[in-house]
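Residue numbers (this note's numbering), protein chains in the order written: chain A, 1 to 242; chain B, 243 to 484; chain C, 485 to 726; chain D, 727 to 968.
Derived by calculation from the structure, the hints in this document are not laboratory data. Note that this is a predicted model, so its numbers are computed, not measured. Backbone N, C-alpha and C define an ideal beta-carbon position, used for all residues, glycine too. The reader is advised that the hints may include incorrect statements.
[As the list claims (entries may be wrong)] Quick partial rundown of chain A residues pointing at chain D, CB under 8 Å, derived from the structure:
{"no.": "1", "residue": "Met1"}
{"no.": "2", "residue": "Val3"}
{"no.": "3", "residue": "Leu49"}
{"no.": "4", "residue": "Gly73"}
{"no.": "5", "residue": "Val131"}
{"no.": "6", "residue": "Pro134"}
{"no.": "7", "residue": "Arg140"}
{"no.": "8", "residue": "Pro143"}
{"no.": "9", "residue": "Phe146"}
{"no.": "10", "residue": "Glu156"}
{"no.": "11", "residue": "Arg157"}
{"no.": "12", "residue": "Asp176"}
{"no.": "13", "residue": "Val177"}
{"no.": "14", "residue": "Tyr205"}
4 protein chains.
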Amino acid sequence: MPVSVTVWNEDCAAESAEKVLAVYPQGVLGAVAALYEGRPEFAVRTAWLSQPEAGLTEEVLEDTDVLVWWGHGKHHLVPDEIVTRVQRRVLRGMGLIVLHSGHESKIMQRLMGTQCSLRWHENKDKERIFVIEPSHPIMRGVPAWFELEAEEMYGERFDIPAPDALLGIGWYESGDVFRSACCFERGYGKIFYFQPGHETLRSYYNPNVGLILRNAARWAARDRTLDRTLGSEFAPSLEEKR
Amino acid sequence: MPVSVTVWNEDCAAESAEKVLAVYPQGVLGAVAALYEGRPEFAVRTAWLSQPEAGLTEEVLEDTDVLVWWGHGKHHLVPDEIVTRVQRRVLRGMGLIVLHSGHESKIMQRLMGTQCSLRWHENKDKERIFVIEPSHPIMRGVPAWFELEAEEMYGERFDIPAPDALLGIGWYESGDVFRSACCFERGYGKIFYFQPGHETLRSYYNPNVGLILRNAARWAARDRTLDRTLGSEFAPSLEEKR
Amino acid sequence: MPVSVTVWNEDCAAESAEKVLAVYPQGVLGAVAALYEGRPEFAVRTAWLSQPEAGLTEEVLEDTDVLVWWGHGKHHLVPDEIVTRVQRRVLRGMGLIVLHSGHESKIMQRLMGTQCSLRWHENKDKERIFVIEPSHPIMRGVPAWFELEAEEMYGERFDIPAPDALLGIGWYESGDVFRSACCFERGYGKIFYFQPGHETLRSYYNPNVGLILRNAARWAARDRTLDRTLGSEFAPSLEEKR
Amino acid sequence: MPVSVTVWNEDCAAESAEKVLAVYPQGVLGAVAALYEGRPEFAVRTAWLSQPEAGLTEEVLEDTDVLVWWGHGKHHLVPDEIVTRVQRRVLRGMGLIVLHSGHESKIMQRLMGTQCSLRWHENKDKERIFVIEPSHPIMRGVPAWFELEAEEMYGERFDIPAPDALLGIGWYESGDVFRSACCFERGYGKIFYFQPGHETLRSYYNPNVGLILRNAARWAARDRTLDRTLGSEFAPSLEEKR
């Protein structure tokens, strides 16, 4: 059965800026979706902010094994109740992949409990990502390091909880480093944060970025044999009182 | 310079139920505060929900190195803006100790990103807490294990992120186990969750509970030499462009 | 392609004591092997101490994706060079599952760097294992907790490094707790320690024990696309000197 | 009571090469010892390989709260029984600070269980170390990042277990990154690995390096109220059999 991937963006193609479309003709939304489309192991759907319920109805989420999130300038426009809905789904087992500027999205902040802030500049810096845990399933097939010709610089300190697994560290020619690939587990859900993906640069065409994001979707995919309630529950004694 | 400890409760002594006062004449608030009072290394203040701003004004928090939190039935009455204020203080470095039923408080859920739910029953079960990391400063002076004659049972699965350090595991005569003593780091702040402390049982009179909570306050105390801004910031290049 | 599992024991069936054979007619070696045999996803081989090179020749290890280790009274008889050989294989990517009294085997001590000691008694205690990370692949399909009618008690403090993932905690009727299911990653290899398996008790007939050990073999299986050298290596500059 | 620090090196000053003495007139041994000497909070002793028992007699270790280890070309000359002795002391609570090329020392490999290999070159590269956990006691007083004018490049993948806390990441002008400051806990002992310290470069004169190494000694110092046995022990039942 294919992994059901919902790719979300704050903008659909028609809403994307000219300078974005010059790089990604279907917008960032389309570029990320294309990494999964046309492969039998994935069933892909797209969703975006201007749709009803931000495109993330209960029906859509019920059918989503992994949600891929890219946002940047419109974090504050995502309704709080949608954020709560997504958070609850993650805690019940849905996977979440947060891309690039999604680091400071409401859903990332909610799940981390921290601000998820960082230092940054846009200067088309070369980034080189080193694989720290080569035997993790997300890094399967990825070389010891790979380069992105140009990325927005994201620098430490990245205000996240210590990741449950640190998979990659980025080097920037401008003199910074960054924990570029991080895994977290929250509730029954798996979360992967990945640094690349500035909207006017070409990282989503990099084959290692695509490979990592496909591996991540398989890793994070909801285990549909699991279900849970979120609240505390009364439990009878497992042993008789003496 | 003493560690400034603010002990918070949803109820002051006058608001506490008869059955609570029968065990703790000054309420749980007073019982916890008494663990720190009269010792030159701590400067103790109490605060509670029915005070203006829930007793947690910016001035109080500015002067707090560690906030100790006990709540149970009134989690939902704590104003969201106060929770946000406390969360921001923790991310900037204030320590937080969350006690017993505080596991499902808004501030715990905010900082963890999870529901923090568990299985429970009230049956005055014997609990035995085993020290998992004897060399952690919070466990300094604590024996390999100690017993609480009667506690509310809190059982797994406890819906928390994997702790940054797991210091203690509880055994209950009714057949359950629990990660009873857990450390987390979020932003610049240190957080300690500790299971004992049902309001009608006597755990706060246990000398090991007192020892652990004093050690925890020293461990979690804000480092006043640190300060931080919470948001992302523009960073000039550290190296010249080639 | 099936996962190649080598099940190792200090004793083959013919070398096993009467009281062991009374419970496991093929010895513990045969009982553990039977958990994998007859399933197309696994290719199973057995090996034991009295064979040449302790049954663990370079050829056997080269063809092993996961090594399952059970030892008890003969840890000291395993030649150091065989331990070194196995350790190097794990660091290069071979999976390792260490069972029960294997906690104090040379190979476990080598890979952990600690003594791996614990407190213990044999009193046929009931053990109840609680699943701490239900969404981990090793716990797929396992209920929230399950019981073993009788086990040797292994109690804390278990002298191991903090596990990379703590999957299960055991409760014993005699009053102890134990981190019964622990994951570690060392080099390119994955390691799983699992508490059950006293040689005269029936735990290897428990269906959840079997399920967990099969899941663990899949999780730990070597990624044959990875290869590595063990030593440090000279690396040319990735950037030109300014 | 001062923290008793034993600074160990494979060479004493008289044994050091000319090119080392040109930078550090008392050798690396003297340069590291000087970071602690003359401060009432530390009692400093030096020891080196050519002394009887490599300078690490049971008496010396019994009086050592933290052992600081620098070795490079003579790892193989350290007797195995001395390595075993040091390892046992660490597991019983002695702190250990491993510097620079000590990454591949026998004692580091023993305690980690891995090869501790890495990629390297000597090209007097600028290194910039970023603080990842500013609120950790080892980073107290250290700025957000600091520079070393010239260091030997140590690059990933560094073959270590995931650190219990990752405190610093290094950026090199030659295009690499490294987990430069790592904490580990093994047994009752605390271990800190720190990258700087090539023998012909000037890092031990850098004030942040000194500050970090003094903080690390305080953090790792043995808790003399703790004592332990290393082996497993029989434990009577804590509860009566039903």
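List, from low to high, the hint numbers that the structure doesn't satisfy. Numbers 1, 2, 3, 4, 7, 8, 9, 14 - these are the hints that the structure violates, sorted from lowest upward.
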